[in-house]
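Full structure from sequences and hints, please.
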Amino acid sequence: QVQLVESGGGLVQAGGSLRLSCAVSGSISSINVMGWYRQAPGKQRELVATMTSTGSTNYADSVKGRFTISRDNAKKMVSMQMNSLKPEDTAVYYCNLRITFNGVNYWGKGTLVTVSS
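Each residue of the sequence shown is one higher than the one before, starting from 1332 at the first, in my numbering.
There's no promise every hint is true.
[Unchecked claim] Each pair of labels, with its calculated beta carbon distance range:
id : residue 1 : residue 2 : range
1  : S1360     : E1419     : 33 to 41 Å
2  : S1387     : S1448     : 33 to 41 Å
3  : G1341     : S1393     : 15 to 23 Å
4  : N1436     : A1405     : 16 to 24 Å
[As the list claims (entries may be wrong)] Derived DSSO-like pairs: lysine-lysine, alpha-carbon spacing no greater than 27 Å straight-line:
id : residue 1 : residue 2
5  : K1395     : K1374
6  : K1395     : K1406
7  : K1440     : K1417
Hint data in this document are derived by calculation from the structure and do not stem from the laboratory. Just so you know, these numbers come straight off a predicted model, no measurement behind them. Heads up, the beta-carbon is just placed ideally off N, CA and C, and yes, glycines get one too.
See below:
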């Protein structure tokens, strides 16, 4: 059974930094996309950043230049360094794993990031 467990959320002041990490357990295809989505109160879940198993990245325009995604394929982990945080970054952040060949998605339970002004 595949499980994703996030860590690293918390409360930070505007302009501060946080680092989120996600560990994947269970057997998975090595060809996949890992990334982060977020959902703010009253809003739909949105893509924040993704990274393929070959290193290609995709970022939401709102976080470009501030967030950096990375992954360790051997450890089945994905992380995201978030700098220059803004109050509008406040959301529950979800780790996502998508298996490329069949499109199956796995989700973590989410970690709350709160940015105070």
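* Asked: Against the structure shown, which of the earlier numbered hints fail to hold, in ascending order?
  -> No numbers; nothing is violated.
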